[in-house]
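Student: Just so you know, the sequences run in chain order R and D.
Residue 231 in this note's numbering sits at position 231 of the first sequence, with consecutive numbering throughout.
Residue 247 in this note's numbering sits at position 247 of the second sequence, with consecutive numbering throughout.
For the record, the hints were derived by calculation from the structure and aren't laboratory data.
Values in this document were obtained by computation on a predicted structure and should not be read as measured data.
Please note: incorrect hints may appear among the correct ones.
Computed beta-carbon distance windows for the label pairs [what the hints assert, rightly or not]:
hint	chain 1	residue 1	chain 2	residue 2	range
1	D	Lys249	R	Asp126	50 to 56 Å
2	R	Ala283	D	Lys127	54 to 60 Å
3	R	Ser207	D	Asp148	27 to 33 Å
4	R	Gly168	D	Asn218	26 to 32 Å
5	D	Lys2	R	Leu199	51 to 57 Å
6	D	Phe225	R	Glu229	50 to 56 Å
7	D	Lys71	R	Lys128	29 to 35 Å
8	R	Lys176	D	Asp148	34 to 40 Å
Glycine is no exception: its CB is placed at the ideal position from the N, C-alpha and C atoms.
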Amino acid sequence: MRSMEINLDYLTRVEGHSAIEVSIRNGEIKHCKLIITEGSRYFEGIVKGRLFEEMPEITSRICGICSCGHVVASIKAVEKAIGFNTSEDVWDMRKILTYGERIRSHTAHLYFLALPDYINKDSILDLKNGKEEVDRALRLIELGNNIVRIFGGRDIHPVKAQIFGFRGIPKNRDVKNIIKNLKVCREDAIKCVELFSELNYPDFKASGTFLSLHSEKEFATLQGILTSEKIRFKEERYREFIREMFTEHGNAKFSVLNGKEFFVGALARLNNNFKMLKEDSMAFAKRFIRNKKNIFLNNIAQAIEILHCIDELIEMLDRIEFNTNVEKNFKKNGNGIAAIEVPRGTLWHEYRIENCRVVEANIITPTAQNYLHMERNLVKYLNDCVLENVNKKEYIKFEIERFIRAYDPCFSCSAHAITIKFL
Amino acid sequence: MKPKIGFFALTGCFGCLLSFLFNERELKKLIKIIDLKAFPFINSHINKNKFDFIFLEGLVASKEDIENVKKIRNMCKYLVAYGTCACTASVPAIRNFKNKHIFSKLKHKKIERLHDTPPYPISKYVKVEYFLPGCPPYEEHVVKFIKDIVLEKEPRITTNPVCFECRKNGNVCFLEKNTICLGPITKGGCNAICINNGFECFGCRGLTGDENIDAFINLMMDKGFKREDIINRIITFIGNEISEKYGDKLRLLNKS
Numbered sequence: 001m002r003s004m005e006i007n008l009d010y011l012t013r014v015e016g017h018s019a020i021e022v023s024i025r026n027g028e029i030k031h032c033k034l035i036i037t038e039g040s041r042y043f044e045g046i047v048k049g050r051l052f053e054e055m056p057e058i059t060s061r062i063c064g065i066c067s068c069g070h071v072v073a074s075i076k077a078v079e080k081a082i083g084f085n086t087s088e089d090v091w092d093m094r095k096i097l098t099y100g101e102r103i104r105s106h107t108a109h110l111y112f113l114a115l116p117d118y119i120n121k122d123s124i125l126d127l128k129n130g131k132e133e134v135d136r137a138l139r140l141i142e143l144g145n146n147i148v149r150i151f152g153g154r155d156i157h158p159v160k161a162q163i164f165g166f167r168g169i170p171k172n173r174d175v176k177n178i179i180k181n182l183k184v185c186r187e188d189a190i191k192c193v194e195l196f197s198e199l200n201y202p203d204f205k206a207s208g209t210f211l212s213l214h215s216e217k218e219f220a221t222l223q224g225i226l227t228s229e230k231i232r233f234k235e236e237r238y239r240e241f242i243r244e245m246f247t248e249h250g251n252a253k254f255s256v257l258n259g260k261e262f263f264v265g266a267l268a269r270l271n272n273n274f275k276m277l278k279e280d281s282m283a284f285a286k287r288f289i290r291n292k293k294n295i296f297l298n299n300i301a302q303a304i305e306i307l308h309c310i311d312e313l314i315e316m317l318d319r320i321e322f323n324t325n326v327e328k329n330f331k332k333n334g335n336g337i338a339a340i341e342v343p344r345g346t347l348w349h350e351y352r353i354e355n356c357r358v359v360e361a362n363i364i365t366p367t368a369q370n371y372l373h374m375e376r377n378l379v380k381y382l383n384d385c386v387l388e389n390v391n392k393k394e395y396i397k398f399e400i401e402r403f404i405r406a407y408d409p410c411f412s413c414s415a416h417a418i419t420i421k422f423l
Numbered sequence: 001m002k003p004k005i006g007f008f009a010l011t012g013c014f015g016c017l018l019s020f021l022f023n024e025r026e027l028k029k030l031i032k033i034i035d036l037k038a039f040p041f042i043n044s045h046i047n048k049n050k051f052d053f054i055f056l057e058g059l060v061a062s063k064e065d066i067e068n069v070k071k072i073r074n075m076c077k078y079l080v081a082y083g084t085c086a087c088t089a090s091v092p093a094i095r096n097f098k099n100k101h102i103f104s105k106l107k108h109k110k111i112e113r114l115h116d117t118p119p120y121p122i123s124k125y126v127k128v129e130y131f132l133p134g135c136p137p138y139e140e141h142v143v144k145f146i147k148d149i150v151l152e153k154e155p156r157i158t159t160n161p162v163c164f165e166c167r168k169n170g171n172v173c174f175l176e177k178n179t180i181c182l183g184p185i186t187k188g189g190c191n192a193i194c195i196n197n198g199f200e201c202f203g204c205r206g207l208t209g210d211e212n213i214d215a216f217i218n219l220m221m222d223k224g225f226k227r228e229d230i231i232n233r234i235i236t237f238i239g240n241e242i243s244e245k246y247g248d249k250l251r252l253l254n255k256s
């Protein structure tokens, strides 16, 4: 092979701002850097001194598409810190909100961000005969967004979910409409799985542990134990396993699990919670997720999760009783650690609260956890699958971009913060 | 002639770009009435010719942002500050009102980066013709704005406080519910969506322009809120706007 410098100043069709530099000498990758060019926003410093009730509203702004995730994670962590136990019903409503977001986020990523790579287009809107696909995407996005609107009040930066419970319960009529919409869109979700299972993915095996929540009661979303093939730990112990470091280049922190790169995301969730999938989703997973460590199959995993969410939601909304909490007994001081599964993987929020105010905060987003995995496996992917077959710079650039996109990265999330020494 | 339009983002949460896409029923129609020349979030092909309007989300929080905002200014006839980050620098700008020592316990070597580029809205660096505030901007407002520019009408933004729409919607006043609701000093146009859903107004659309901020703060203190918490709440989304208008009069620096 040859030598070349590849500089992607700006990755399109990803959330947030990033750049990639790859240097190849005589067919060998000399260096490969993923640079997060997003400005830092220092949320963990910004929340210091604020009342704990303000955490959802402020941390929601870390990310637009996963705003429900930050809201729910901050609520879980704060309620743990102040010793407030919410009812099952409220947890169910939070889960519904989370699932609504997962449907809209996965759909938007799959159709708007990822699909163009596999159909040789710059944008799904360029697709001449793509009316059916675009309409399907919009129907599924609307389905997810309507769930978020009804349970969260707004589709981005929801306000109804707060510390102590919800600021209102949905009207029966709205819930009935959602159930109807879920049943109609189920067919769309199946077509979505079929579409993404038929695409031509490279056969690549990633390194590293695939980590997610796991629960024996349900497909893990808001509760569970951190799990992979080899590791199990409760969320309270996360600092023993996950360490954060700063990169030399870029504005993001990156994480290591027991010193090594690791992956979080839909594919990790499917691997670790396979038995908890609903019937049709499980059948699809069995059929289409053969190489469980092929990052490209994260796309199929997301499609399968859309179907699973729809099936779980139909069941939940049929039986759920909507109640908000009434009593408000809580402590003014405490420490709370929360892990929940959001579209792109496990999200961590930790708060220490003194006299009702946040004095320390730590937030680890899925993309921050995946950062090192992305960088290291990009090298592996280029070495294993690309450089031997592909010569031209523009094709290598294409492979780099579609590899990164398979992670569904959210670079805004990963560049939110600074490290603070936790006492 | 359809207006040539582009959607770009500086440092931000991408919520404003997404809220444009999340007009699920209107999206295809909207794209038909404009000439959407660039939207890097969903389209790899970035047409770099001149635009009539660029909708720019995000605040300036890095050297790259400063370079980009100037480039983007030169690419369009009319620049739209799209969303609260672009209008006031929003939540990240809280950093400007906190003591630096909070950020000094940093393990990271490159601590200078912190003092690098304080968070500011795009109008600090370039001329802006239109402001679409909101975190994110109210969807109907964005659709109306686009329809106005297609029809070559001058888009208008209300300066009535949120209370107008809130009362019209029949909500119980959140000041009476003992919350720090910023409705009285905040521009409406959002249909009071947060209060409609049981949550007090956090002021993301900016000051009305004729607000009586001293009276508001005194009212909140009479209700028993600490001055520190009232100021904190006010600067959540519009710290830079408050600072520019009222300067040191409000004693903004948070001592905690």
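Student: Starting from the hint list further up, note which numbers the structure goes against and sort them upward.
Tutor: 3, 5
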